[in-house]
Structures are given as C-alpha cells and as structure tokens.
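Colleague: Those protein sequence lines, which keep their order, are chains A and B.
Using the numbering used here, you'd call the opening residue of the first sequence number 1 and step up by one each time.
Using the numbering used here, you'd call the opening residue of the second sequence number 1 and step up by one each time.
Rather than coming from a laboratory, the hints here were simulated on the basis of the structure.
No experiment lies behind these values; they were computed from the predicted model shown.
Each hint should be verified, as a subset may be incorrect.
Said to hold, decoys possible - The calculated lysine-lysine pairs, modelled on DSBU-like cross-linking and capped at a C-alpha distance of 30 Å, are: (1) A/Lys-219 to B/Lys-92; (2) A/Lys-62 to B/Lys-92; (3) A/Lys-287 to B/Lys-124; (4) A/Lys-52 to B/Lys-92; (5) A/Lys-100 to A/Lys-7; (6) A/Lys-203 to A/Lys-169; (7) B/Lys-121 to A/Lys-100; (8) A/Lys-100 to B/Lys-124; (9) B/Lys-92 to A/Lys-100; (10) B/Lys-92 to A/Lys-388; (11) A/Lys-64 to A/Lys-7; (12) A/Lys-238 to B/Lys-92; (13) A/Lys-52 to B/Lys-121.
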Amino acid sequence: MKTVNQKSLILTCISVILITSVSPAIAYPPDNAAVLYYKAFLILKEPSEDVKKMMADLRDGKIKPNDEIRQYLQDNRYVIEFVETAAGVRDCDWGYDISKGFDVMLPELSKIRMTAFLLTAKAQILSEEGDYKAALGKCLTIHRMARHVGDRLLISNLVGIALNALANKHIGEILSQVPDDIETLTSLKNQIYDITSRANSLKAAMSSEREIALQQIRKENIGTILDSLGDVPDGMSKESIEKVRNGDEEFFRASREYYSNLVTSVLVALDLPYPESHKQLKQLSEKAEKQAADNPAAILSAALWPAVTRICTLDVRARTHFNALKAAIDIYIVRAKTGRLPDTLPAGLPRDLFSGKDFEYEKTKDGFVLSFQSKDLDKDEISKYEFKVSK
Amino acid sequence: MKPAKNIEEFVKLEKPDVKTGGTMDERTLDDSFAAMDETIRAGRPNAAWIILRSRAAKLAAAAVIIVGVGLMMVYRNPTVQQPPQQTVSVAKSPAEMLTAMSLNMAWRRGGIEAMDEQSSKAFKMLGSKPAKATIEELRVELNGV
Numbered sequence: 001m002k003t004v005n006q007k008s009l010i011l012t013c014i015s016v017i018l019i020t021s022v023s024p025a026i027a028y029p030p031d032n033a034a035v036l037y038y039k040a041f042l043i044l045k046e047p048s049e050d051v052k053k054m055m056a057d058l059r060d061g062k063i064k065p066n067d068e069i070r071q072y073l074q075d076n077r078y079v080i081e082f083v084e085t086a087a088g089v090r091d092c093d094w095g096y097d098i099s100k101g102f103d104v105m106l107p108e109l110s111k112i113r114m115t116a117f118l119l120t121a122k123a124q125i126l127s128e129e130g131d132y133k134a135a136l137g138k139c140l141t142i143h144r145m146a147r148h149v150g151d152r153l154l155i156s157n158l159v160g161i162a163l164n165a166l167a168n169k170h171i172g173e174i175l176s177q178v179p180d181d182i183e184t185l186t187s188l189k190n191q192i193y194d195i196t197s198r199a200n201s202l203k204a205a206m207s208s209e210r211e212i213a214l215q216q217i218r219k220e221n222i223g224t225i226l227d228s229l230g231d232v233p234d235g236m237s238k239e240s241i242e243k244v245r246n247g248d249e250e251f252f253r254a255s256r257e258y259y260s261n262l263v264t265s266v267l268v269a270l271d272l273p274y275p276e277s278h279k280q281l282k283q284l285s286e287k288a289e290k291q292a293a294d295n296p297a298a299i300l301s302a303a304l305w306p307a308v309t310r311i312c313t314l315d316v317r318a319r320t321h322f323n324a325l326k327a328a329i330d331i332y333i334v335r336a337k338t339g340r341l342p343d344t345l346p347a348g349l350p351r352d353l354f355s356g357k358d359f360e361y362e363k364t365k366d367g368f369v370l371s372f373q374s375k376d377l378d379k380d381e382i383s384k385y386e387f388k389v390s391k
Numbered sequence: 001m002k003p004a005k006n007i008e009e010f011v012k013l014e015k016p017d018v019k020t021g022g023t024m025d026e027r028t029l030d031d032s033f034a035a036m037d038e039t040i041r042a043g044r045p046n047a048a049w050i051i052l053r054s055r056a057a058k059l060a061a062a063a064v065i066i067v068g069v070g071l072m073m074v075y076r077n078p079t080v081q082q083p084p085q086q087t088v089s090v091a092k093s094p095a096e097m098l099t100a101m102s103l104n105m106a107w108r109r110g111g112i113e114a115m116d117e118q119s120s121k122a123f124k125m126l127g128s129k130p131a132k133a134t135i136e137e138l139r140v141e142l143n144g145v
C-alpha cells in the first residue's frame, strides 16, 4: 500500500513538472495567429503618400528599391517579424461575431494587405541582393496569410485571392532570376503544393455567406441593408426600396428562403467545369434580377447577391495561376537538371482550369510562356503567364 | 473655344454672383461718367479723351468699366464649387465603414482597391496609434521611467 502511494506521489510530481514546463505563460507563439497579426497592425506605420506611390511603383516593376522604401521597411521591421511568426501558426481566429450578420467588423482586411505589400517590397530587395531563398520565403508568407484571412466571408475570400495573386506574381519574377538551383526549386515546389492543398474554398465562403445573409435579412436589420445598398450604383429602385421598407415578417421569411435556394443552385453550378459554371451562374443572377420585378421575395436576393460570375472567374484564375506556377517550377527543374528548357511541355503537369486542358507551352527568347487554351469569359480574352530564365 | 466665347461663357457662368440692382447700376454709371468728366476737365490730350467726347463713346466705355468691376468682384469672391448632387449619402462612422456589408459594397463599386481606399479612410478617421514598438523604445519615450 505504502509503495503504491509513493509511486502515485512520484507520478503526480512528474506530471506537475511537465505541465508547468510547458506553461501557456511562456509558450510562444500563441496558438491563435490573429493575436500576432493584431499586434503587427497596432504598430504598423502607414506610409506617406509619396512612399505609398513608390511602393506601388516598385510592385509594378516601374522602379527599383530606393532609400525611402528601405527606410519604410526598417521602420516596420517589427511588423514584418510579427506577421512572419503569425503566418507560421496553424490556426487563426479573428474573433468574428457572425450573429451580427453583415455588420460583422473586418478591420484586418486592409491591414493584412498593407503588410503583404511590405513583404513583397522586402522580397524584391532580397532578390536584388541575390538572397532568392529568403525572397521566396516572404512570398510564401503571403500565401499563408491568405489562408489565415479565411473563407468565413466572401469578401475575406476575395482578399485571400488577391493576396495569392500578389504572391504568385512576385514568385514568378523571382524565379526568373534564380540560377539553376534544384534544391531551392524543389523546396518551393513542395511548399506551393502544401499551400494549395490547404487553400481557402470559394464554396465554403459562399455557404458561410449564406448563413450571414440569413441573419441579416430580417425586418430589424433593414435600415443597415438599405443604407449600404444606397452606396452602389446597381442598388435598388425606389419602388423596390418601398416594398422592402414596408415588408412584413412573411416578406422577410420568403426573402430568406429565396436567397437560400439561390445559394444552393450556385453551389451546384460551382462544381461544373468553368464554361458551364460561368453560363449557369450568369443565368441564375439574371433570373433573380428579372424575378425581382414580379416576385417581392427576390428583391433582396437580387440586390444583395454579389457579382457571382466575376467571383467565380477570379477564383478559377487564382487556381489556374497556382497551376501555372507549379508547371513552371517543373520546367525550371528540367532546365536545372539538363541545362536547357524542354522542347515540349512535360507530361502530367497541372492544367489550365479555364479549359481543363494542358497549358500551351512556348519557348521564347527570354524564357517560356504558358497560355490558357480558352477565354476568361468575363474579359473575353485569352491570357498567358510569361516566365523568364536567368542567363 | 475662342477667347471671346470664353469670356462670354465665363460671364454667363459667374453672373449669379454679381448682384446688381437699378440703384447700383445708376450709381456705377454716374461714377463712371464723373470719372470720365474729370479726366476730360483735366485736359489731358490723349486718344481716350478724343474718343470720350461723344455720349455714345462714354456709354460704351462705362459699359466696359461695369464689366470690369463685375469681373473684379467675381475674382475677389470666387464661386465655391458645389459638388454635384448624385445620391443622398449618409455619413458613416469609421466602424460602419469597416463592416462586411460596407466592404462588400466597396468591392462592388471598384474592386479590391476601392475596399482598400475605404478602409484607409476609416483608419485615418480613427486617428493615431502607438508609433513605438519595443519596451526599450517605450522606456526612452518615458524618459527612462
């Protein structure tokens, strides 16, 4: 009996030591990345108008990094440090109160874009200095931030897409300067595949948006809805506004049902290949707009429903850009191994999601081009991604 | 547009700011004639004196002076340009500008840049925030306390 008690005591002591050795008080980083992002945003120094323009020109490749930009990055060195640590944390909970419907606050969205601009500037400077691995690391941080922005709301999803596009553009530019370095290219490839395997989903954002919209489409919230719709040119007619303003509980119940059914149809359409998906989404939006004239329950859906065809195109474009980047990295790896670009596109590479076919591959004087085999139906044009190779 | 047409348009556009009445017109005209008579009495033999001897010429010159006075008044008190009234827009608080609904609408108006711009305006309205980051820097700010 005595021996058993002694063993229990020893086990308890060991447990206490183990628990206190990993006390949350000294655990860093915290398990919620948002804490670190908010810290970064608190100390983020906003650029002057001149520096803001310089940063934009630098991103567009119109200027090279200068002293003002370097100083601005130096002033924000702690911000960069915080967001890099935050991006490495698995989970990110921004503390949204979804019960507030569309009144939920999203102050972090523009701040996270500003910090992403800091990272691209830093990446460009590092790339100029020849530290390509570190430069690519900054861009990958932006991708991880995009995942943290999340898909709880459609607007968050769109910001995430914009961040991905920003990062991929700069990765493409850095790749054009990277010498044949199989290790760096392979590491980048693995990280890009990892990032895309955990990417945000447009369908998740749409579903979440539906929940929020259903909270919002209620008689007590109608003032906020009408105020916000007054700010957009394609808002609502005076007649519709009156109908909504005078709507009873039954009107709002029917409006919620219409909206919910519309989202269900959209989610089905999003699973189709791009041309069919785009066509169906366009038809659904037009149908809601037409029905709003005769069916009061469709009025709020027609007004609140976002430009879903455009959002679908942006999503496909973002995922196609990732695929182009993956294909390009494989082509760079072939060049690193053989000393020359392949004459034809290697088999089994990720595809152009606009057409569902392989990219069209063409060698150019400076490198190579990967083109879509069908059109972006919103712009009605065929796009391509150009990649250069280091000499 | 030709220069003459420019002036015509300018006067036409700015006319509402020049307030004249019968009394003022008469007084301005009388003052103008008095000034001319004085010039004539002074006996300065210049081209203007010769022209101004006729009543018609006096009237024409007075008209020029009136237009000149009018233009001076316009220049001294330029019209404040009123922004065109498009839609009735209710002023929003910075917090309201940062809601999902408000940012959604900004995106619909002008894409991600419009969203950035709206957020930036909101943060400007919210004012300043700590500029220093480290405890060391805060100590320096607090004079070593």
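Colleague: Compare the structure with each hint and give your call.
Modeller: Verification of the hints:
1. A/Lys-219 to B/Lys-92: Answer holds: A/Lys-219 to B/Lys-92 is near 21 Å, not above 30 Å.
2. A/Lys-62 to B/Lys-92: Status violated; Cα separation ~36 Å.
3. A/Lys-287 to B/Lys-124: Status violated; Cα separation ~41 Å.
4. A/Lys-52 to B/Lys-92: Satisfied, since the Cα-Cα distance of roughly 25 Å is no more than 30 Å.
5. A/Lys-100 to A/Lys-7: 54 Å, violated
6. A/Lys-203 to A/Lys-169: 25 Å, holds
7. B/Lys-121 to A/Lys-100: 23 Å, holds
8. A/Lys-100 to B/Lys-124: OK: A/Lys-100 and B/Lys-124 at ~25 Å, within 30 Å.
9. B/Lys-92 to A/Lys-100: Given pair B/Lys-92, A/Lys-100 holds - Cα atoms ~18 Å apart, limit 30 Å.
10. B/Lys-92 to A/Lys-388: It is violated: about 47 Å lies between the C-alpha atoms, which goes past 30 Å.
11. A/Lys-64 to A/Lys-7: With a Cα-Cα distance of about 68 Å, the restraint between A/Lys-64 and A/Lys-7 is violated, given a limit of 30 Å.
12. A/Lys-238 to B/Lys-92: Roughly 22 Å separates the two Cα atoms, so the pair holds.
13. A/Lys-52 to B/Lys-121: 14 Å, holds
Taken one by one, the earlier hints fail for this structure at numbers 2, 3, 5, 10 and 11, listed in ascending order.
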